[in-house]
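> Here are the chains, one letter per residue:
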Amino acid sequence: MTEAKQALERPLSPHLSIYRLEINMLMSIIHRITGLSLYVGTLLLATWLVAAATGKEPFDAVSGLFGHPIGKLILFGYTWALVHHLLGGLRHLVWDSGRGLQIWQVNVLSWLTILGSIFLTLAIWTVGLLLKGVL
Amino acid sequence: MAYRTPLAHVLGLGSAKEGTEHFWKQRLTAVANFFLVCFLIWLLMGLIGADYPTVKRTLARPQNAIGMLLLVLSGVVHMRLGMQTVIEDYVHTQGLRVAALMLNSFFVYCIGITCAFAVLKLSLGG
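Here the protein sequences come in this chain order: A and B.
The opening residue of the first sequence carries number 3 in our numbering; numbering runs sequentially from there.
The opening residue of the second sequence carries number 29 in our numbering; numbering runs sequentially from there.
Hints listed in this document are in silico derivations from the structure and should not be mistaken for laboratory results.
All residues carry an ideal CB built from backbone N, CA and C; glycine is no exception.
It cannot be assumed that every hint is accurate.
Stated by the list, open to error - Reference listing, derived: stretches of chain A covered by chain B, where coverage requires no fewer than 3 residues with Cβ under 8 angstroms from a Cβ of chain B:
1) 22-31
2) 98-106
3) 109-117
4) 124-130
Said to hold, decoys possible - Just a sample of chain A residues kept apart from chain B, beta carbon distances all over 12 angstroms, derived:
5) GLU11
6) ARG12
7) SER19
8) LEU67
9) HIS70
10) PRO71
11) ILE72
12) ILE76
13) GLY79
14) ILE120
15) PHE121
16) VAL136
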């Protein structure tokens with residue numbers, strides 16, 4: 003009986019739900035989600051390349067899809083996922099070298115990842131739209 | 029530790045006989061992808077709104093085709109390792125896990141060969 007009670011009171015392995023959400027936890031999860039998105043998103047690049055290799059009509063059709071507002075939204079999201087995963091990867095390389103592991107440094111690097119990814123994505127699309135002459 | 033032979037100890041390959049290969053390949057391709065993705069963004073930004081002949085001519089240039097082929101190769105290795113980690117973390121049923129790992133390999137090689145073939149056709153196919 004006492005043993006059963008002890009078993010019940012034994013602390014369980016810490017689970018995600020008992021932690022307050024920290025920025026580095028969120029960045030870790032987003033790094034994985036963006037990685038998965040990029041994985042599936044390679045289909046976009048493959049479609050574009052195959053269309054270009056096939057001929058003018060398929061290429062124009064795919065260009066039309068990518069140029070559609072929904073297509074643009076997907077490409078915008080893909081750009082952000084790419085930039086975020088890239089910056090997150092750089093952060094991991096810093097950590098791999100044994101640097102930047104103080105709590106405050108971890109927080110700074112995590113904030114730099116999310117803010118940097120938003121800034122760079124907007125910068126890429128602004129420059130892109132300027133080049134096209136839309137803005 | 030006492031049961032490990034001196035050779036096994038020196039080689040440090042562990043029971044899977046791969047050692048740190050997964051870790052190292054993931055980092056190697058990560059660094060390569062940094063440069064290759066920057067190249068891809070630069071290339072694509074130059075092609076915004078471009079017509080078909082321009083896109084075809086640009087992708088057919090040797091330096092661009094080589095960059096794209098390197099990106100496809102490095103990207104495919106990187107995404108295969110990444111997805112493998114995710115599968116091993118979340119899929120615990122043995123049969124399902126083996127199937128998922130196989131599908132992972134099939135998908136990345138299909139994508140890789142498809143992209144590489146398209147780039148080569150644009151460059152060499154006339």
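> For each hint, tell me whether it holds in the structure or not.
Verification of the hints:
1. 22-31: violated (count 0)
2. 98-106: Result for this restraint: violated, n = 1.
3. 109-117: Not satisfied, violated; 0 residues make the cut.
4. 124-130: n = 3 at 8 angstroms, threshold three: holds.
5. GLU11: holds, 27 angstroms
6. ARG12: holds, 23 angstroms
7. SER19: Since the minimum Cβ distance to chain B is about 17 angstroms, SER19/A lies beyond 12 angstroms and the statement holds.
8. LEU67: holds, 15 angstroms
9. HIS70: Given a closest Cβ separation of 14 angstroms, the condition holds.
10. PRO71: Non-interface label on PRO71/A holds, nearest chain B Cβ at 16 angstroms vs cutoff 12 angstroms.
11. ILE72: holds, 18 angstroms
12. ILE76: Its Cβ never comes within 12 angstroms of chain B, the nearest being 14 angstroms, so this holds.
13. GLY79: holds, 15 angstroms
14. ILE120: holds, 16 angstroms
15. PHE121: holds, 14 angstroms
16. VAL136: VAL136/A not clear of chain B: closest Cβ-Cβ about 9 angstroms, inside 12 angstroms.
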